[in-house]
Every structure is written in structure tokens, then in C-alpha cells.
Amino acid sequence: MTDTPDDTGRISAERIAQAVVRFRARRPRVHCITNAAATNFTANVLLAAGGVPSMTINPEEVGGFVASADVLLINLGTLDPLRREAIDIAIAAAKSEPKPWVLDPVFVDRSPPRLSLARTLAQRGPAVIRMNADELGALSGARTGDDRDRAGALAQALGVTVARTGAVDFVTDGARTIGISGGYPLMAAVTATGCATTALLAGFLSVEDDAVAAAAACLAFVKTAAERAGEGAAGPGSFVPAFLDALHQLTPEIIGETARLA
Amino acid sequence: MTDTPDDTGRISAERIAQAVVRFRARRPRVHCITNAAATNFTANVLLAAGGVPSMTINPEEVGGFVASADVLLINLGTLDPLRREAIDIAIAAAKSEPKPWVLDPVFVDRSPPRLSLARTLAQRGPAVIRMNADELGALSGARTGDDRDRAGALAQALGVTVARTGAVDFVTDGARTIGISGGYPLMAAVTATGCATTALLAGFLSVEDDAVAAAAACLAFVKTAAERAGEGAAGPGSFVPAFLDALHQLTPEIIGETARLA
Amino acid sequence: MTDTPDDTGRISAERIAQAVVRFRARRPRVHCITNAAATNFTANVLLAAGGVPSMTINPEEVGGFVASADVLLINLGTLDPLRREAIDIAIAAAKSEPKPWVLDPVFVDRSPPRLSLARTLAQRGPAVIRMNADELGALSGARTGDDRDRAGALAQALGVTVARTGAVDFVTDGARTIGISGGYPLMAAVTATGCATTALLAGFLSVEDDAVAAAAACLAFVKTAAERAGEGAAGPGSFVPAFLDALHQLTPEIIGETARLA
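Line order of the protein sequences matches chains L, H and A.
Taking the working numbering, the leading residue of the first sequence gets 1, the next gets one more, and so forth.
Taking the working numbering, the leading residue of the second sequence gets 263, the next gets one more, and so forth.
Taking the working numbering, the leading residue of the third sequence gets 525, the next gets one more, and so forth.
Only chain L is shown next, with the shape it has when bound in the complex (with noise of 0.2 Å):
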């Protein structure tokens, strides 16, 4: 089985190209309800990789909404009230059908109302929860300690794939773990680029099933993109377009090729 990730999380630059592949055949729609600061950008990675997004957080419609999605993307950021009761009848509707949805705690190293929602969204079953150190620090609830054992622990705890981002990324659902590697410093100086790329890995799950798989091929996407875009650019103003085209231009066999997992 060379399609599929062995026991240490082996997978091929094939299989990750290929993940590409069908995601720009699909056109996967990814309900977001995300944060006042990544709305803009966040539907525009998703357009640029050839996702369809929609946004709306109203609690009216946003049932309407994950019912015509391929998967759903529910992002803590700039939490209100409005998106609170929004994510509660999202998950439903998610979970009924079922549809894979995936979390992203923002900043709940800094909020303790956040962190607590978090950790009862965890146990709702989301296929994968993407965040930096921090927020895997709060939500683990062990502040030290080695990433790759807290992400490993909860992982296993809830029964979920925890995707931990940073300089170098990875992915474990508790048994397999995959690095990924590269990707350029300027991501950090670019607001929401986090919550984006937890955007794109909602629509991966809607063309590979492993969720394992489906982080990987996404992050690796990601930082290949981000490394294109990183040699052109001055700065982080520069960069932004620039990772919005290698998103749009790359091809799958460059991004299969330019992945460095381990």
C-alpha cells in the first residue's frame, strides 16, 4: 500500500499531488464561519485554489449553507454571540448528514471563556483541529512539554487529527505522525494565514478520507505555495499576492515534488 500512510506516516509525493488534483476537479465548498480579520483572505485562499466559499455566520441560514457544503470550517477568532449560536447549529448540521467539519482555536492561550468552548467543541468530533503552540499548549492543558507528544496525547484522547503549524508543521491522529517542512517566515507577519490554511484543509477532507492524508497534502500545499511566494517578495505586503498565485498556479506535480515530509 503505497497509497496510503504506513505506521510512521509515510505518504507519497504522488498521493499528495494527486489530493491536489481532485481538489481542483472537485471545486469543494467549504462553509467558514471564521473571524471579522480572515473572512476576506480566507475566502480568497480557498478561491485561489479552486474551493467555493461561503461565509455567513447568521444562525438563520447557516444550516441552508453547511446542507449545500462540502464540509465546514468552524474558527474560534473574534468569537460573539452571533457566531457562537452560528457554530452550535453548523456542527449540527454537519454532524447529521455527516459532513467532516475541523476546528480552529484561535487564541485560546488568551482567552479562558474561548478555551472552555474549545474543548467542548473537541468532543464533538471535529476530523481535525489545526493550531500553532500556543493554542496546543492551552488546549492540551500541558504548557510544556514536547509539541509532538501534547498533539499526539489529545489526538488520542479525543479520537481526532490534530494538525500542529508553525516552522516546521505536523500532522498525528496519535499513531502516525507527518512532518512537513518549509514554507517561508513571512506567513508569520501576514495576518490569518493560519486560519486560511485551516479553511483549505476543511476542503481537502472532501477529497481524501484519511484525514492524516488530507492535513498533509493541504500543509504541504501550503508551504510550497508559501515558499514560491516568499523568494519574490519584498516583504509582507508582497508576499500576500504572491502566495495567493502560487496557490492559484502551481502545478501538482510541483507541489508533490517540493513537499518535504518526514
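To be clear, the hints were calculated from the coordinates, so they are not data collected in a lab.
In this text the structure is predicted, and so the values were computed from the model without any measurement.
Just so it is clear, CB atoms sit at the ideal spot from N, CA and C, and this is done for glycine as well.
Check before you lean on any hint, since a few could be wrong.
Stated by the list, open to error - Residues of chain A clear of chain H, computed beta-carbon distances all greater than 12 Å: (1) GLY661; (2) ARG667; (3) GLY683; (4) GLY690; (5) ALA766; (6) ALA786.
Claimed, not checked - Pair ranges (Cβ atoms, derived): (7) H:GLU359 x A:THR668: 23 to 31 Å; (8) A:GLN773 x L:ARG124: 39 to 47 Å; (9) H:ALA395 x L:GLU257: 35 to 43 Å; (10) L:VAL21 x A:GLU538: 55 to 63 Å; (11) L:VAL52 x A:SER592: 34 to 42 Å; (12) A:GLN773 x H:SER443: 37 to 45 Å.
Fit chains H and A to the supplied structure of chain L, relying on the hints for placement.
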């Protein structure tokens, strides 16, 4: 009357150019109730073209903003209870003067409650309704059939002008129909280009009384700017700044001459 | 004391450069309650310059974010009931420590209820109020007269520092006044440049105790970045990435040397 659309909807390059001249001289104030993904980009499109945007959705304030604006945009994206309340107040304020207003029924094909609201609003006398093909299908209630026939019937039934945008745009009031070709495919890979176009179209109503001519002039302007932007763009990321630059820089003469009407 | 503004407000290039050095080293956390059109751009301006933005307007969480931030921005654009509630909680949280906060009374010239709120907030002790000429006219209650006189009187009456931005900016606390020239006209054709400037100014308060010097350093930084960006920009679209790049790249020495104070 070479300066007025005839029965076939012909308008001259000169008339389009003159509308752009007046737009830039008048600097129309456009109050926008629009969706979260479109807010920033819509404001930048209006500013680049020479208009003055305001974007509040606060019910307490929206009446005052409409009173001090030239024209009103109602966009139904990311509809929520606050926007819904603000829409009602804003339309009443526009009608009391009266000032023209424009309706953009985003994603009514994806949300039954939004479609229901759009149908009610469409009967309150918008000057123009701007839609894509899917939204036209939903709002007209005729899921199949030629877009021009459906749009013409809808325009006549409501007594409004309908603009349907796509690879080729057209504008109709039921009697006259103008097609606008050109543009650039990358427009569809950037979020909120349609939303921002409708805001710009609203601005043109304050410098051109004939809604068919105003809409055609705006769409010709946008198509020309998109073509210009597409020439040098490497993807949707670099398309956006180039599009805003073109809205700012293109001379009225070039816009008039480039416009491809039929 | 060559390092402190004298009675005429003179500050040295060296002092401006040092403030930028400290900003980048400190990476100030700026909690922003700002408008929908400005949210993404403000976060990107702060990140490009070296700060750390947070943007939630949720009343339940905003106190926690302010507590873990260095400084607070209150921007009154797209004011709605939720923002209004969050503003009250956030200012109370800032004052309880105390931490400095900055007020940006966007469009108070267009909305009587917003003007009324701005007047109340201005008396709660912001360190700096940043306005354009129209907003200054409305807030000062003196619709005519020299801007510097009106700003000086307002600053003295409220015991705050006032920054009025425009083609030439100035900062005054009533006793000292510093003018900052330079910049680039395209700034005015991009939405939220003033809003984002105020957020950056808030960040400078965490590295420079004298509010007049902090505001002058920020405005000199922004003018210098705008000049640099304008050099190669073809319009407002290409100005934006170039402006963010300049905020990220410009050395403190260049900022200090380029600043044109009077």
C-alpha cells in the same frame, strides 16, 4: 438621440466616458450595507474609482449615513439579524428622499430565507438588481431558460433594471438590453468582485439618471479594468492590486473605447 | 534634554529611530476594537511593523484580551451594539491597570449618535485621539477655524494628545505641537489607512511614554513608509503591498532621517 440607448440598448463610447468623467468629478458617496467578506474590498474599489464609501450596518446610525450619502447599496451576503434590521431602515431612508438604491442578492440560490427576503426587497423599488446566473435563476423562479429572457421578464414584472454578470454581462429593463463583453477570467477567482461591482454601479446612478446606461457604463468600466489588470497578472493575488490600479488610472476615453457593447 | 520634545515640540530623528527600534524589539500586543472595513488591514499593518494584533469585539472576551495586551485601540467605525458594549468593557479594563488607550472617532461628522458617544469617550482619558479634519471639526464643536487652534484647545480641555492627520499631520497636547510632512497622496485612496495608523500609534505608546513623541514617531514612520511605497506604486492597489513591505523593511535610521518634522 445618439446620447441615449435606443430600443436595442445601444449606448455610445462617448456616453460611457462621460459617465466616468462625472463619477470622478462628483465623488459619489455610496453607503454600503454589505457582507463581511466584501467590506474592505468594496471600500477600496469605490475609493480607487473616485467614490466615497461608508460601511456601517448599525441600525441606530444607518439612517444618518444614508441621509448624507448619494446612493445606497444593499448586499445580502453574510446576512445576520443586525444587517437585516439595518437594511429595512436604510431602504426606508433612501425611499423617503428619494435616493436610488441597488440590490445584490448574493447566494439566494443557497439560502431559502435569504431568497424570501430578496423577493420582498425586490418589490420595494431598487433601481437595479445585480446578480449572477445562479442568483437570477433563484430570484426569477425560473430555474431553466435563457438568462436574457428570465432577466427581461423579471425586470418588467418588478419595474426595475436587472444586470446579470458573468463571462458576458448584460443589462436589461425588459425593453432595452445591452450586452457587455470583455473582462478577464481571474475576476471569478477573487472574492467579492461582484459585490464591489454592485457598489460601484450604485455610484454611477448618482451621475447617470438612466439606470440601464448607468449599469452599462459601470460594467464596461469594470470589464475594461479587469482586462487591463489581467494583462500583467500572474494569478488572482496579483490581479487584485492591478485591478484597483486600473480603476484609478484608466482614462474615460480608454474606458469608452475599450468597452465592447452589443 | 535633547531627547525630549521642547516647547515647540521638536523631537530628534534619533528619538524617532529609537522608538521604532523599541517597537520591533518589544512586539507590542495591541488589542483593537475596530471597524469591519479596517479589521484585516489593521492587523496586517501591526504585523508588518512588528506588533501583535488581537481583534475580538466579543464583550465576554474583550476584558481578557485587554488584560493580556499592552495597549488598546478604540475605533468607532461600523459601530454596532456589540462593539458599543465591548468598548465600554475594554476601556474599563484598560483603565483598571492602567494601560494606555487610543481613540479613533471615525466619521463622527456623519453620525450624530456616534459623535455623542465619541464626546463621552473622549472624557474617559484616552492617551491620544487621532482624527482627520472633518472629524476634528465635529468633535471640537468648532466647524470653522484653524485646525491647530481647534486641536490645541480640544487637547487642553480634555487633557489628551490630539493627532490630526492629512496632507500634513500634526500632534499637539495644547502646549507642544509637532508637524509631520511627507507621505503620499495615494494613502487617501485606500480604505482604513487612518484607522490602521491609529492602531500602530497605540503600539508606540507602549515603547514611548510621552504621548506627543509616541504619536509623532508613529506618524513619521507611516509618512516615510507611504513615501517609499508611493515611489513604485501604479495606483492604490499596488500601493498597499508596497506600504506593508515598507513598514516591515525600513530601517529605524532611514525612518528617523526621512521624517520631516516642523
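Check: Hint by hint, which ones does this structure get wrong, listed from lowest number up?
Finding: 5
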